[in-house]
Amino acid sequence: MSPRPPTGAGAAWSRLRSALRSGWQIARGVVGETAYERYLEHHRAHHPDREPLGEREFWRRHVDRGDRDPGSRCC
Amino acid sequence: MASTTTTTAPEHEPRRRWNPAQILIWTAVAVIGAVAWGVIAISRGEEISAAWLVFAALASYAIGYRFYARFIARKVLGVDDTRATPAERLNNATDFQPTDRRVLFGHHFAAIAGAGPLVGPVLAAQMGYLPGTIWIIVGVVFAGAVQDMVVLFFSTRRDGRSLGQMAREEIGPVGGAAALIAVLAIMIILLAVLALVVVGALKGSPWGSFSIGMTIPIALFMGFYLRYLRPGRIIETSIIGIALLLASIVGGSWVADSALAGMFTLTGNEVVLALVVYGFVASVLPVWMLLAPRDYLSTFMKVGVIMMLAVSILIAMPGMKTEALTEFAFNGKGPVFAGALFPFVFIQIACGALSGFHALVSSGTTPKLIEKESQVRVIGYGGMLTESFVAIMALAAACIIDPGMYYAMNMPSSELGDTLQSASQAVAGVGFHITPEQLAAAARSVDEHTLVGRSGGAPTLALGLSDVFSQVMGGDAMRAFWYHFAVMFEALFILTTVDAGTRVGRFMLQDTVGNVWKRFGDVTWKPGIWISSAAIVGGWGYFLWAGVNDPLGGINQLFPLFGIANQLLAAVALAVGTTILIKNGKAKYAWVTIVPLVWDAVVTLTASWQKVFSPDPKLGFFAQRAAYQAAIDAGQTSKGSASSVEEMRQVITNSTVDGVLSVLFAVLIIIVLVDAIRVWIKALRSTEPLPDTEVPHTPSQLFAPSGLIPTAEERRERAGAGAGT
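In order, the protein sequence lines correspond to chains G and U. Take the first sequence: its position 47, counting from 1, is numbered 47 in the numbering used here, and each next residue is one higher. Count along the second sequence from 1, then add 75; that gives the number in the numbering used here.
One chain only, chain G, in its complex shape (with noise of 0.2 Å):
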């Protein structure tokens, strides 16, 4: 659990920090930012024994994937 947090003003601030930095992390989400970071998580969850794909390859990796399943959207 997270440690008691202060009371007054100094809580409010707090609180306010702690939105603004998850709101900017769901944006980061939101346009795929995080893709590499979560791609890290689950590398270390599920496959420890092997090496990760370092940053540029993840990328070039992660876009190219496009080519080959354009998704769907609507109008």
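Be aware that one or more of the hints could be misleading.
Said to hold, decoys possible - One side only, chain G facing chain U, incomplete, derived with CB under 10 Å:
| id | residue |
| --- | --- |
| 1 | Q25 |
| 2 | G29 |
| 3 | G32 |
| 4 | E33 |
| 5 | E41 |
| 6 | W59 |
| 7 | R65 |
| 8 | G71 |
As the list claims (entries may be wrong) - Over 10 Å on every C-beta distance to chain U, these chain G residues come out as not near it, computed from the model:
| id | residue |
| --- | --- |
| 9 | G8 |
| 10 | A11 |
| 11 | A12 |
| 12 | W13 |
| 13 | L16 |
| 14 | V30 |
| 15 | A35 |
| 16 | D49 |
| 17 | R50 |
| 18 | E51 |
| 19 | G66 |
Unchecked claim - Anything over 10 Å on all C-beta distances counts as not near chain G; from chain U, calculated:
| id | residue |
| --- | --- |
| 20 | A190 |
| 21 | F405 |
| 22 | A516 |
| 23 | D708 |
| 24 | T712 |
To be clear, the hints were calculated from the coordinates, so they are not data collected in a lab. The beta carbon of each residue, even a glycine, is placed where N, CA and C say it ideally should be.
Starting from the known structure of chain G, fit chain U onto it as the hints suggest.
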């Protein structure tokens, strides 16, 4: 964000009592909604503020989401958070991956919302603001959002199967094949209609053509930057891209006044050629060069502009100049599109109220990323409510424009003639008033040569947006900038849809032909890519070219076909949903999807009937064909807005093609419905449950809140389970 703790959500929650604060809040929401609806419905003859539409919409959405969506999630679908979703079970960190619900909401919304909800309501404004408003709000609460949520849920229970696969497995091979044909046909018509909107905005506008043209080098630059300089820095790259985009809008103003203007002043057919070449090249190039960076830009612009618009409407509170109901709603003689309120308002406005296309995103993509079954409510239902809100704002923006101006922009060019005087007379002919001086002043205020005959919806919306934005930011001095900003914003994501759509169509074609000729199905085989891209581009390019040169006004003819096709796909989706509900023994709740399905079928079939059989040549495609053929046979050299025999021949070809397509769509709807009803009867008669493709229950190890904001209970549960914040 995916904390791994055992969930302890009980199967049957104890019925919670309402506390006074909740009762107070929901009473207030209901009262605000009722007052807003009252103002919209009762006011006659006096101008009301567009803010009332926004209030009526928001209050209705809140009530629909809180009560109806919750009822569907709990009782009808029976969402079960102890069940692991495909994202959890099949997590491979690529297509299956548990994704934070707030992130997924953004993804899903960006995938379903495009130019559709911006264009349809603008065209439907010829009937006044009331029919469109009622349909967008009631339609989304009881049909559109229900469809998205139900399809998302059933696809999640089936490992993210696509709508086509579900139609084949749950209804049968005939229904499945009909769905496949429907998807391909819609894709082609959709791309043609959207491209037509871009042509309307860009022809004869050097400012517009320059700034849209600049998006290509900007996207290429972003592509190379992300590939070789800063891999993965998407936000940074997008901010650079947007700064360049704004610079190119400002630069467009300079180009329009310089010697270069001639180079960027394109005719309709030149814009068509440019779009076709662009569509082909973009579909053949690797995604990292053009499509991916373009996608980032459009997502940013989409979300940004929509938020700006909502805030600006609430600050500026512009009054609506359009009547609540115009006479065109009843006599069906509207100059923007033919046909009476029923069924054509429900066809013109598909996206924003009920859009079958969403079923393709709700099945296949989103279900592979969702963390919890209960999140289908916020993502499926909530995502569609958000799109509906975009449609309401587009409607408001179209209704704050002077009606005379609206008709001068949206009537077929051939009726408007070549001069401001003839346009003013044409508008007077349909019962509205605008002087040539006013038309000239309006064009000058946005730094365009002319606004007359700029049909397609995008320029009308851009004019409305420039009006709202300049009231809030910059005043009259910024009006021209905002107009071109809005044109750029729409054209940007239409072009993104054009290149992504061509690609999606190409894959479908390769996949289908690949069943017969294996080599063709290999998506890395270059000749296959070229041939299939050319086929898809040729398909929409044909309709686009025909639309631009149609003497009767292309968008007026083609948009209803797009609406019918989109609603056909909705019929497939709702039929699949109903079939699964009945198979699961939930027949007593099946009205939830049957009611919208019946409505959708009645609307679509009535519209198709009128388009095929109406004796009125303005409405019925074949009556139109016959009238023009008769005129040619009688030796006439002009008829209505067709001023030569060649143009008359063109009308004949176009109306034949459009008429045949209408017949095809109607037949497909009937096939799907008959096939589905056959399965329903079988399921109801059978004593044992019919085979079902649902994946068996696997206990979930994942905890995640259901809504965007965790409830107090969910916070306690998470804290109790020992997870971090």
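Starting from the hint list further up, note which numbers the structure goes against and sort them upward. Those not satisfied are hints 14, 15, 19 and 20.
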